[in-house]
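Participant: One line per chain: the protein sequences are A and B, in this order. Reading the first sequence from the start, the letters are residues -19 to 148 in the numbering used here. Reading the second sequence from the start, the letters are residues 821 to 1025 in the numbering used here.
It should be emphasised that the hints constitute simulated quantities derived from the structure, not laboratory data. One or more of the hints may lead you astray.
Each pair of labels, with its calculated beta carbon distance range [unchecked claim]:
{"hint": "1", "chain 1": "A", "residue 1": "Thr92", "chain 2": "B", "residue 2": "Gly945", "range": "22 to 30 Å"}
{"hint": "2", "chain 1": "A", "residue 1": "Asp20", "chain 2": "B", "residue 2": "Gly945", "range": "21 to 29 Å"}
{"hint": "3", "chain 1": "B", "residue 1": "Glu832", "chain 2": "A", "residue 2": "Glu(-16)", "range": "21 to 29 Å"}
{"hint": "4", "chain 1": "B", "residue 1": "Glu998", "chain 2": "A", "residue 2": "Leu127", "range": "19 to 27 Å"}
{"hint": "5", "chain 1": "B", "residue 1": "Glu1010", "chain 2": "A", "residue 2": "Asp20", "range": "25 to 33 Å"}
{"hint": "6", "chain 1": "A", "residue 1": "Glu22", "chain 2": "B", "residue 2": "Arg883", "range": "21 to 29 Å"}
{"hint": "7", "chain 1": "A", "residue 1": "Glu116", "chain 2": "B", "residue 2": "Asn881", "range": "38 to 46 Å"}
Backbone N, C-alpha and C fix where the C-beta goes; we use that ideal spot for every residue, glycine too.
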Amino acid sequence: MAPEDGPKIILESMKEAGINFVTSLPDFNLAKLIELVDGDPEIKHVALCREEEGIGLCTGAYMGGKTTAIIMQNGGFLNSCNGLTTTALNFNIPMLLMIYYAGDIGDEGFSTLGSVTEPVLSGLGIRYYVLRKMDEIKNTIKGATLLATDSRRPVAVLLTKNVLGTRR
Amino acid sequence: MKRVDCLKAIAEETGDALAICTVGGAAAEWNAIRPGDGNFRCRTLGLVSSIATGLALALPNRRIVAIDGDGALLMNACGLPTLARQSPANLIYLLFDNGIYEASGLRSTATKAGADLIAMAKGAGVKNACWASSVEDFMEELKSSVTRKAFSMIAAKTERGIEYLKSWRRLPSFQHGEVENGFRFMRYIEKTEEIRVVPLPGPRN
Chain A
-19 MAPEDGPKII LESMKEAGIN FVTSLPDFNL AKLIELVDGD PEIKHVALCR
31 EEEGIGLCTG AYMGGKTTAI IMQNGGFLNS CNGLTTTALN FNIPMLLMIY
81 YAGDIGDEGF STLGSVTEPV LSGLGIRYYV LRKMDEIKNT IKGATLLATD
131 SRRPVAVLLT KNVLGTRR
Chain B
821 MKRVDCLKAI AEETGDALAI CTVGGAAAEW NAIRPGDGNF RCRTLGLVSS
871 IATGLALALP NRRIVAIDGD GALLMNACGL PTLARQSPAN LIYLLFDNGI
921 YEASGLRSTA TKAGADLIAM AKGAGVKNAC WASSVEDFME ELKSSVTRKA
971 FSMIAAKTER GIEYLKSWRR LPSFQHGEVE NGFRFMRYIE KTEEIRVVPL
1021 PGPRN
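Using the sequences provided together with the hints, build the complete structure.
Facilitator: Structure below.
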């Protein structure tokens, strides 16, 4: 399993988990994954202008019977905090938060963003799982989606460069 | 123009459409005019347009109406290009612009200083977007948007002020709290669309 296969395996895992509605806003490290999602005929993909919109879109789509995910950078996760709190958490709306972990260990840049990401997730009471190993992609994404559905809450998977094939 | 008269027109023209309604006076008035589980009261300022778009995309054969306000739209103005990009044919977006944050302190919004939300929508790429100049005009535009079968946005400048605020606070209260409203709305969709939204509990171990 080569790191450059990461985006493909992530998409396969999302589909096996039943996800059929995805909103996204790109980060350089997410570009390949978003390209694959956009080209998949079994997934309705909505490109966003700001990430909080995506929380609303996923909420509406869930109410219409879809299984949803949002793909964004951790800066975008911070943009979404009010929507996550007063819509997703308030109304018990499950969704998979696929968050690129900028400022992760081994990165250059975004260290402030990296340092607040996990504390903010914890503060919101959103359970999260950091994906660093290729052989954990499938189980983590499928398990997180099931946990979101069962707990009726958003659940986050933090995607690192190791699984996105962008670690230099 | 009174918002409540436009809301009556919506109830008349759109029948059993699923309604996503913004916070504050509009939700109280809409609840009084068309009570029931087909109404969802949004609690995040700005997310009405996004939730309604998600719902409209998931249920393309169901009529969805979004009832929004100027303060809310300004909060999520970047939702306009997304709306334009998706343009769900089954969605009608209704905007009431009273120039104030009516439910949160009565301070002026940017529309009072000249921001034109229909011009912004058109600039964002919304093709069918217009101001209604009277309740009759609003009704005509609404009728056209129902028959057009393309995404439409209709806005109206409506009354504002403390007296008006007091009057909506005298409207009948909601029958259910917000969380129960959300679940009842989802159950209503399950029943009327014959789909499952909230899954049955899985096997316990």
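Participant: Hint by hint, note whether the structure agrees.
Facilitator: Hints versus structure:
A beta carbon spacing of about 35 Å between threonine 92/A and glycine 945/B contradicts the range 22 to 30 Å that was offered as a hint. Checking the proposed 21 to 29 Å range against aspartate 20/A and glycine 945/B shows it holds: the Cβ atoms sit about 25 Å from each other. As the Cβ distance of glutamate 832/B to glutamate -16/A is approximately 58 Å, the hint placing it in 21 to 29 Å is violated. Checked against the given bound of 19 to 27 Å, the beta carbons of glutamate 998/B and leucine 127/A, roughly 24 Å apart, stay inside it.
In this structure, glutamate 1010/B and aspartate 20/A meet the distance hint of 25 to 33 Å, their C-beta atoms being roughly 27 Å apart. A hinted range of 21 to 29 Å holds for the C-beta pair glutamate 22/A and arginine 883/B, which are about 26 Å apart. Distance hint for glutamate 116/A and asparagine 881/B: a CB-CB separation of about 40 Å, consistent with the stated range 38 to 46 Å.
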